[in-house]
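Peer 1: Residue numbers (our numbering), protein chains in the order written: chain A, 400 to 614; chain B, 400 to 614.
Do not rely on the hints blindly, as some may be mistaken.
A pair holds if it fits inside one copy or across any two, identical chains being indistinguishable in the list.
The calculated EDC-like cross-link candidates involving lysine to aspartate or glutamate, where the alpha carbons are at most 20 Å apart (straight line), are [what the hints assert, rightly or not]:
no.	residue 1	residue 2
1	Lys430	Asp404
2	Lys429	Asp575
3	Lys597	Glu426
4	Lys458	Glu425
5	Lys454	Glu600
6	Lys567	Asp606
7	Lys513	Asp421
8	Lys569	Asp421
9	Lys454	Asp421
10	Lys512	Glu425
11	Lys429	Glu407
12	Lys597	Glu565
13	Lys512	Asp421
14	Lys458	Glu565
15	Lys513	Asp524
16	Lys513	Glu425
17	Lys513	Glu426
18	Lys458	Glu501
19	Lys597	Glu425
20	Lys512	Glu601
The set of hints was computed from the structure by calculation and includes no laboratory data.
Number of protein chains: 2
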Amino acid sequence: MAEQDLFEIIYSTRAMRRLKPDPIPEETLKKIIDAGIHAPSGGNLQDWGFVLVRKPELKQFIRDHYWGMWQQLQGSRPLPADLPPARRRLMASAAHLAEHMEEVPVILLACAKKVYPAFASVGQDRASVATVHGSIYPAVQNMILACRALGVGTVLTTIHCCFEDELKQKLGIPADVEIAALLPLGYPQGRFGPTARKPVEEVIHWDMWGQRVVG
Amino acid sequence: MAEQDLFEIIYSTRAMRRLKPDPIPEETLKKIIDAGIHAPSGGNLQDWGFVLVRKPELKQFIRDHYWGMWQQLQGSRPLPADLPPARRRLMASAAHLAEHMEEVPVILLACAKKVYPAFASVGQDRASVATVHGSIYPAVQNMILACRALGVGTVLTTIHCCFEDELKQKLGIPADVEIAALLPLGYPQGRFGPTARKPVEEVIHWDMWGQRVVG
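This is chain A alone, in the form it adopts within the complex (with noise of 0.2 Å):
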């Protein structure tokens, strides 16, 4: 395979969330969690865990969950009816995806270990939380751009969280772990491409928040 830029692969990294059924093939999965565990871990404890479903009732299990969650978050906003367009073609996206998830070949559940021990044990909860979160979303995110380096297309999402003790049941996953993110793996419908994100200058404080001109 072609050597591929980092920049490119960054600039042309876009969620994707129509996603075709063909399998992926294991060497590429491995690929992809390898790319995942070369991210940096608080103390390096590597205390993460990749679950990869491909059990056609276990993919069931999660559609039907996420979907009814799905069903009952938009059921409690509708969407206004002045949405832009875009915003409007990302709910559209979003819903597909929700309910046909178990045509997905993969869904990649990322897992932690919910506390940080060296935080934890002395009472720096918030601390504990962002070393652990810190040390697990680096992880997706080097994930998700191999994936666009290998042709996979994915989208990290976050509404598992609100069915989480019963997934974790399902799948058998230690009441100790999280289940940080639920990334639906398969090969894209449509074509990756440069993403619209606000400019840089727009994001960067200079020294003191709020200050947009160098110092």
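Please arrange chain B on chain A, whose structure you already have, making use of the hints.
Peer 2: The following block gives chain B in isolation, referenced to the frame of chain A:
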């Protein structure tokens, strides 16, 4: 600049804690942040901000609190005598960074809005936190990879969470924003190179937690 293969970058990105005081050009800093904001965020809200601290007085403030907290944490948990050499080296370089934090040219603070409205407004607080952290740490990882590609050393740290309120007050960061990560940035004294990780087979679970063999 030559193309830099994504996987080569991922495999050779390690925590760099011994950094030179040499300044980093503003264009390089912007390119690092621009890589960050091309990461995904929940609902593409991009509710983030990146503070680039360069003023000596502010860096000294951070160093004094960080180093004080480091010593306090070490005092409460002395290192065991039989600590493996690799772990002892890690602790020594982390202590060096803590004590000399003000010498790095830039301290980057990755900040995020504390709640994700679509979940928080319906009482799904666990999903809200997961979405907030799942929207800022991927950006942090993109920035870590961009640093590596640009020859800048850094390391993801979270000790600042133990003095987050004082730090926010000092830098004028709003109450509804959290500082998710503190990244010292500087050209490294040492070299980038391969990182040691558990084999990928040990972190993959096929369909069910604990299932090590392909089903």
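Peer 1: Are the CA atoms of lysine 430 and aspartate 404 at most 20 Å apart within a copy, between copies, both, or neither?
Peer 2: The answer is both: 17 Å in one copy and 14 Å across copies each meet 20 Å.
Peer 1: When no copy is specified for lysine 512 and glutamate 425, does a C-alpha distance of 20 Å or less occur within a copy, between copies, both, or neither?
Peer 2: neither (25 Å within a copy, 38 Å between copies)
Peer 1: Given a CA cutoff of 20 Å, do lysine 513 and glutamate 425 count as a within-copy pair, a between-copy pair, both, or neither?
Peer 2: neither (28 Å within a copy, 38 Å between copies)
Peer 1: Classify it for me, lysine 458 with glutamate 565: is the Cα-Cα distance of at most 20 Å met within a copy, between copies, both or neither?
Peer 2: Classified as within; 14 Å inside a copy, 46 Å across copies.
Peer 1: Should lysine 458 paired with glutamate 425 be assigned to within, between, both, or neither, using CA atoms and 20 Å as the limit?
Peer 2: within (17 Å within a copy, 47 Å between copies)
Peer 1: Please sort lysine 567 with aspartate 606 into within, between, both or neither, judging by C-alpha distance up to 20 Å.
Peer 2: Cα proximity of lysine 567 and aspartate 606: across copies only (12 Å, versus 43 Å in one copy).
Peer 1: Given a CA cutoff of 20 Å, do lysine 597 and glutamate 426 count as a within-copy pair, a between-copy pair, both, or neither?
Peer 2: For lysine 597 and glutamate 426, only the inter-copy Cα distance (17 Å) is at most 20 Å; the intra-copy one is 36 Å.
Peer 1: Under a CA distance limit of 20 Å, which applies to lysine 513 and glutamate 426: within one copy, between copies, both, or neither?
Peer 2: Neither: 29 Å inside a copy, 38 Å across copies.
Peer 1: From the Cα coordinates, with 20 Å as the cut-off, is the pair lysine 454 and glutamate 600 best called within, between, both, or neither?
Peer 2: Result: close only across copies, 19 Å inter versus 46 Å intra.
Peer 1: When no copy is named, should lysine 513 and aspartate 524 be tagged within, between, both, or neither for a Cα gap of at most 20 Å?
Peer 2: both (11 Å within a copy, 15 Å between copies)
Peer 1: With identical chains, the pair lysine 429 and glutamate 407 could be close in the same copy or across copies; at 20 Å between alpha carbons, which is it: within, between, both, or neither?
Peer 2: between (23 Å within a copy, 16 Å between copies)
Peer 1: Please work out whether the CA atoms of lysine 458 and glutamate 501 approach to 20 Å or closer within one copy, between two copies, in both situations, or in neither?
Peer 2: within (5 Å within a copy, 50 Å between copies)
When the structure is compared with the earlier hints, violations turn up for hints 2, 7, 8, 10, 12, 13, 16, 17 and for no others.
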